[in-house]
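Visitor: Sequence:
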Amino acid sequence: MSARFLEAVAGLAAPAGLLAFQVTLALLAALLVDLLARRRTWPPLVRQVAWLAALARMLWLLPLRGVRLPATWAGALPLAGRVTGTVVVTRTTPAGPAPVTGIGVVSWVLLAWGAGASLCLVLLLVRVVLARRDVARETRPPGEHVREIVARAARSAGLRRAPLVRLVPAGSRLPAPALLGVVRPVVLLPEAADAWPGEVLGPVLLHECVHLRRRDPLFALAAAVARAAWFFHPLSWLATARLAAVRELLCDAEVVRRLGSDRDYLAALLRVAEETTARRRAVAFVGLAETARGLRGRIETMMRNRRTDGRWGRAALVAALALALAAPLVSGTLASRASADGDTRASSKERPLRPGIDGVTEPELIVETKVNPVYPEKAKKAGVQGKVILQSVIREDGTVGEIKVLKAPAKDMGFVEAAVAAVRQWRYRPAMKDGKPVPVYFTIVVSFTLEEKDGGSEGREAKR
Numbered sequence: 001m002s003a004r005f006l007e008a009v010a011g012l013a014a015p016a017g018l019l020a021f022q023v024t025l026a027l028l029a030a031l032l033v034d035l036l037a038r039r040r041t042w043p044p045l046v047r048q049v050a051w052l053a054a055l056a057r058m059l060w061l062l063p064l065r066g067v068r069l070p071a072t073w074a075g076a077l078p079l080a081g082r083v084t085g086t087v088v089v090t091r092t093t094p095a096g097p098a099p100v101t102g103i104g105v106v107s108w109v110l111l112a113w114g115a116g117a118s119l120c121l122v123l124l125l126v127r128v129v130l131a132r133r134d135v136a137r138e139t140r141p142p143g144e145h146v147r148e149i150v151a152r153a154a155r156s157a158g159l160r161r162a163p164l165v166r167l168v169p170a171g172s173r174l175p176a177p178a179l180l181g182v183v184r185p186v187v188l189l190p191e192a193a194d195a196w197p198g199e200v201l202g203p204v205l206l207h208e209c210v211h212l213r214r215r216d217p218l219f220a221l222a223a224a225v226a227r228a229a230w231f232f233h234p235l236s237w238l239a240t241a242r243l244a245a246v247r248e249l250l251c252d253a254e255v256v257r258r259l260g261s262d263r264d265y266l267a268a269l270l271r272v273a274e275e276t277t278a279r280r281r282a283v284a285f286v287g288l289a290e291t292a293r294g295l296r297g298r299i300e301t302m303m304r305n306r307r308t309d310g311r312w313g314r315a316a317l318v319a320a321l322a323l324a325l326a327a328p329l330v331s332g333t334l335a336s337r338a339s340a341d342g343d344t345r346a347s348s349k350e351r352p353l354r355p356g357i358d359g360v361t362e363p364e365l366i367v368e369t370k371v372n373p374v375y376p377e378k379a380k381k382a383g384v385q386g387k388v389i390l391q392s393v394i395r396e397d398g399t400v401g402e403i404k405v406l407k408a409p410a411k412d413m414g415f416v417e418a419a420v421a422a423v424r425q426w427r428y429r430p431a432m433k434d435g436k437p438v439p440v441y442f443t444i445v446v447s448f449t450l451e452e453k454d455g456g457s458e459g460r461e462a463k464r
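Just so you know, we're using the numbering used here here: the sequence shown kicks off at 1 and counts up by one.
Source of the hints: derived by calculation from the structure; they are not laboratory data. Nothing here was measured: the structure is a model prediction, and the numbers come from that model. Think of the CB as a built atom: it goes at the ideal place given N, C-alpha and C, for glycine as much as any other residue. Incorrect hints may have been included.
Claimed, not checked - Distance ranges between label pairs, derived from CB positions: (1) I403 <-> D434: 23 to 31 angstroms; (2) V122 <-> P197: 42 to 50 angstroms; (3) R424 <-> G17: 21 to 29 angstroms; (4) L59 <-> R140: 32 to 40 angstroms; (5) W60 <-> W237: 16 to 24 angstroms; (6) W237 <-> T369: 22 to 30 angstroms; (7) A115 <-> W60: 46 to 54 angstroms; (8) T361 <-> R38: 54 to 62 angstroms; (9) A241 <-> R213: 17 to 25 angstroms; (10) F231 <-> E417: 35 to 43 angstroms; (11) V129 <-> A382: 36 to 44 angstroms; (12) D397 <-> A421: 33 to 41 angstroms.
My request is simple: use the sequences and hints to build the entire structure.
Guide: Here is the structure:
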């Protein structure tokens, strides 16, 4: 694994940790608002706002704004060209093979996160494509009376154009009634719906049209993407489930408001519960397709809402917004302050930069101050070689500040200690930006190599 890639991964550690911390706080705040809202029968809108705020935090990668690519990726000299402090030790006995090097635990965690999120996003895309394929292959158009009812439902919901309607056969894996798609939405109805009376079919189609007007398929897809990116976080799965439940409650309330009464709508829900079964749900599917138990829960919620006057609605909405949004912002401020304190250790004036970016020059080693690392005696006797990759901060005065080990031999026999001890004594002509010295991150590779040479042991430097 290349040193440049390891440098980039190591640079993501602190921002990724901050992002995970902020997302966790946002999800916990949304969960608290959700529990309070359910306990005090606040409007479902309060719960949705809280979870949407957490969803926005999951998709908003603000802490990663400070990540900079390694200078070698920005057109500077290749990493091998900046090798300093390289030690080549010769001896009369044959040299052993170089040990296999490894990467740190943090880098492994970040790599696993990236691989898992990429896999989940690919599976997400595959599910969308397969759902569209199933709709094209397995469904058929409805009768003329169904198209007339969906046109009236679209006008009642405030849509400019009625969505396409398809009938799903009994043996299909597709859920119905449901709404699929963001760009070209399709309303799916069970095959039996072709014979449903207008007082049942009307509220069902109005429900799906309200979903479309509220852009619920788009929010469902965004929630699925956020869950894929945060697949390892248990609260991300809870957030998408709660969002789906609240989405249906809000749509139910909107349908009842437009119908003027909940009698016909409750009858339609009961009819759907009797004649449909829960099937595999895919990405961007929203609608009435749900288990009978879930539909009963929604009916009970609507009955409870009859007895609540919603007098706490506005205050609860403000509280949800404040709690769900303030937590990650406060955490970002605290983390930024902590990050600033950490940078102060490396430089009292400003945050370290990267050479080769925005006109920042590279620091230049003062040869007179260079102290070659001492080859560990234990490794020399064992014939073991190694390479240590360090990321250091070169301050404005040319001294070496904080040193981080990016890569070390799997079997460290004193290589890291010897490399760090030598590098700390080096002095540089500082990096410059706009004619002023600036602190920079600088990668240093220290290689400990054994070579067979006649005439005994001798130390020499590698040329740039």
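Visitor: For each hint given before, does the structure comply? Return the numbers of the non-compliant ones in rising order.
Guide: Structure breaks hints 6, 7, 11, 12.
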